[in-house]
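Colleague: Chain by chain, the residues:
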Amino acid sequence: MRRFPHTWCPGCGIGAVLKNVAMVIKELGWNYQNTVAVSGIGCSGRMSGYMNLDAVHTPHGRVLTAAEAIKTVRPDLNVIVLSGDGDLASIGGNHLLHTSRRNPDITVLCNDNEIYGLTGGQAGPTTPKGTKTLTSPRGEPYLPLRLGRMLTLQPPYFYARTTVYHLNHFKTCIREALLWKGFSFVDIISDCIELNGRRLGFKTAHQMFKWFDERFHIVKGERDHLQENELGIAKAVVEEAPKPIEKVEEKPEIPTDLKPFTLQELHHFDGTGGKSIYIAYKGKVYDLSTSPLFQGEKRMRCHLAGKDLTKDMDIAPHGEDLVFKFPVVGRLK
Amino acid sequence: MKQLISGNEAIFRGAVRAGASYFAGYPISPTSEILQQAALYSEENREFRFLQAEDEIAAAIGTISASLAGAKAFTATSGPGFSLMQEALGWGHVVEAPCVFVNSMRVGPSTGMPTQPAQSDLLQIKAGSAGDYYPIAFYPNSVEECFRLTVTAFNAAEESLSPVILLADAFLSHLYELVDLESIDINIVPRSKEPLGSGQRLFTGTAHDKMGNVKTNDPEIYRAWLWEVKDRHDRVAEKYPSFEYLPCKNSETLLIAFGITSRIVSSLKDRFSIFRPIRIYPVLEKELLEVTQSYRHIIVVEGSDGQYASWVECAICRKVMKVPCLGGGFKFKWIQSQIEECLKGTDR
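Protein sequences appear in the order of chains A and B.
Heads up: the first sequence runs through residues 1 to 333, numbered per our numbering.
Heads up: the second sequence runs through residues 334 to 681, numbered per our numbering.
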């Protein structure tokens, strides 16, 4: 408590995030001996410092790597990441992809206010298209990054979207995320009234909350994915990894009525002196005399005429159908 | 028992001897072997954690975070990767995380000449990150010294509470020598920092007071903090004033060389005096001043265009002559002829 009063503007959603996270941590009975808060840079990056926990305040965007390393070294600690959308999705986008792939047991609580607040209100990766900000005076030209779609591409995943306005749902999401084994991500739609809301035409934070209520609705039950206007939890455990395909050796049926050849006999037909060019493949003998590549020569690159070329196929750049088009003249004894 | 091992291997074994239990890295020549060794070692020893990160930024941040979490951590890279690590290096100095960064230098800037050796990242260790900070850096010149100085780097890191840099070059990383590592007896400083999960501290890259409270508008607190850090680093650096001085009678010329160049010019020790700094930073100002006094000519032979020479000039307030071995050209004959060239204009 010694670091209060905090630095945030009146009406900011981060206060609600901080309070509810702290309440859930208390309900779960976690304390400074088994919990660490990690955060990045930005308004939301200051959250960890106000917790009665050991807190790490990392450089911009590197929060996930830091959290993962801490969890790797100290698996007994509960690692909570408190950060914002610009930090996690923009400058830390690469780390978001790779840390979620490695699936460490950390919980990420993303205060998603759709703006860079601390630097004065520039467009961020989650700013909706058309929003006027300091760096998009004619309206943001690009579509926002859809974190939900990005993170729910491959299981296992835990992705929840909630807002600071839907308090009960918000607390449920945080609790479930903290208890999830593996990488869990909660996208908390939050408001920035001073640097985003007023420019959008809202007078108070409460008007922004009402706007969240219009934009989003809560969906119940187990979900795999969330639509853009849905609040809820999408989760999936790990899929059974596809088994490596085993190569089944097929024994080709060789008709017995074909003329039998020994390897010595086959070697005789090497194309020299106007003789035919015969090769053996999987027990059958083919007449390659008409092949334009073998024509008039003893060999075609590394393939020798008059030999069993079954093993050559493994390193050949072509398939076996190239051999099948030639007439069968016998079988290998 | 004597073994034939490379510089990279000696660095890794030194780290293990010093008690390292975390390695994060990203493949880059010429230090990929350290990454591979760490991966192999972590398979056999579960308490040793290993991360092949998505980039050097993550590797460096992982190293410092692991250090805060309570592990002796290190990472290894080369010039281009070291450039990416600068952000984390600055952060490590502010949060006071003891860890070791190995930088095996190759020709730069950018991708440069992979993988030709160079000694051109000296300014990067001191001035690569934003703001003022006082790193400690060592530079071995043999495989055995790679081992020893890795342990020393870990010790200095624990004492100074900061990332310590171990320099090497592409030659040294891939240099194979017979060494007996078991017989090397070396003191190891235990872990000095309380790990995470034992208080209500804030480890922040923002300026802060002793309690970890963020203070961004008080110059007094910032100054007090910076002087304390500088003082601590100087004190630790004083404990390791490592250099090698080979005086030669009748010589009026002093060659200053370090790392692999010192091995090359060592065959001239009958003609010139040779001074080899082992602690590269903080610069050995006192020692340099003392040694250089009795020489008329000072020639710095190094693998960059006068990076160390500029520090020497600052330290001794005199002009020095330079033999820059650029582009991976460390041929003895060429260096010898360049030294002769330097001395030709003088009346020696």
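Just so you know, the hints here were simulated from the structure itself, not pulled from any lab data.
A hint or two may mislead.
As the list claims (entries may be wrong) - Pairwise CB distance ranges (calculated):
id, chain 1, residue 1, chain 2, residue 2, range
1, A, H6, B, W560, 52 to 62 Å
2, A, L143, B, D388, 19 to 29 Å
3, B, P552, A, Y142, 36 to 46 Å
4, B, A463, A, P244, 34 to 44 Å
5, B, D513, A, P155, 48 to 58 Å
6, B, N378, A, P244, 51 to 61 Å
7, B, E515, A, G283, 53 to 63 Å
8, A, G283, B, A372, 40 to 50 Å
9, B, A372, A, D257, 56 to 66 Å
10, A, K19, B, E646, 12 to 22 Å
11, A, Y142, B, N550, 32 to 42 Å
12, B, R568, A, L143, 29 to 39 Å
13, A, P317, B, G464, 34 to 44 Å
14, B, P447, A, S136, 47 to 57 Å
Said to hold, decoys possible - Derived pair list, reagent style BS3-like, types lysine-lysine, alpha-carbon separation capped at 27 Å:
id, chain 1, residue 1, chain 2, residue 2
15, A, K333, A, K275
16, A, K19, B, K526
17, A, K71, B, K543
18, A, K275, A, K307
19, A, K220, A, K282
20, A, K71, B, K619
C-beta: ideal position from N, C-alpha, C; glycine also.
Colleague: Tell me, which hint numbers fail for this structure?
Modeller: Of the numbered hints, 1, 4, 6, 10, 12, 13, 14, 16, 19 and 20 do not hold.
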